[in-house]
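A.B. asks: Sequence:
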Amino acid sequence: MSVKAPPVSVERLRKFKATDLHDLCDATETAIRDGGGFGWLKPPPRETMETYWRGVLLVPERQLFVARLDGTIAGSAQLWLPPKNNEASANSGNVTTVFLAPWARGHGLAALLVQTVEAAAKEEGLKVLNLDVRETQKRAIEIYDQLGYQRWGTHPKYVCAEGRWLTGYYYFKDL
30 MSVKAPPVSV ERLRKFKATD LHDLCDATET AIRDGGGFGW LKPPPRETME
80 TYWRGVLLVP ERQLFVARLD GTIAGSAQLW LPPKNNEASA NSGNVTTVFL
130 APWARGHGLA ALLVQTVEAA AKEEGLKVLN LDVRETQKRA IEIYDQLGYQ
180 RWGTHPKYVC AEGRWLTGYY YFKDL
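Residue numbers for the sequence shown follow my numbering, beginning at 30 and rising by one.
Hints in this document: simulated from the structure, not taken from any laboratory.
We treat Cβ as the ideally placed atom computed from N, Cα and C, and that holds for glycine.
All clues stand as given, with none of them false.
Restraint ranges, calculated between C-beta atoms of paired labels, are given here:
1. Asp174 / Arg75: 31 to 41 Å
2. Val88 / His184: 19 to 29 Å
3. Asp161 / Asn120: 13 to 23 Å
4. Gly84 / Asn115: 17 to 27 Å
5. Arg75 / Gly182: 32 to 42 Å
6. Thr80 / Pro112: 17 to 27 Å
7. Arg43 / Asp99: 20 to 30 Å
8. Arg62 / His136: 14 to 24 Å
9. Arg91 / Ala117: 16 to 26 Å
10. Arg75 / Thr196: 23 to 33 Å
11. Val32 / Leu87: 36 to 46 Å
12. Asp174 / Gly135: 12 to 22 Å
13. Lys44 / Pro112: 14 to 24 Å
14. Pro72 / Leu195: 17 to 27 Å
Dumping the calculated DSSO-like pairs for lysine-lysine here, alpha-carbon to alpha-carbon at most 27 Å:
15. Lys202 / Lys167
16. Lys202 / Lys186
17. Lys44 / Lys151
18. Lys44 / Lys113
19. Lys156 / Lys113
20. Lys44 / Lys71
21. Lys156 / Lys202
22. Lys186 / Lys167
23. Lys113 / Lys151
24. Lys71 / Lys167
25. Lys113 / Lys202
26. Lys202 / Lys151
27. Lys71 / Lys186
Using the sequences plus the hints, can you model the full thing?
C.D. replies: See below:
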């Protein structure tokens, strides 16, 4: 008898319900501990993390997407829309803060998460998406390459982690 795979889904989160904030903070913390944080090198106090995630939902130019494994939030990504006063950038947005908790990997959620952000960007009328990633995030780089993102630049001193400089890569994708 085969084991049935747990259900996966990705959705835009507009408000926190039930255990969403708790689950999102848990997933964030485990991803940071695994080296997949998005700026944090070690998990901040829970209150700081909760404040951050609540704040994301308040910013009109940010759309928060969450990946769920068996109903539990396992990761997220954000679509950053250009500010209304920047006509020159009106056609491009940014994919940022993409992560997936280690316990949820291997179910296709990371690619589904990015593809869902891409679909939302198209609905917003964007023509290009930009993103950047640390050299140490090998699986994320593979996914971006598989999804057709093009690397256009490298920054040798992108971030400093554990006392050493890490290279960062810059990507874009025409929608």
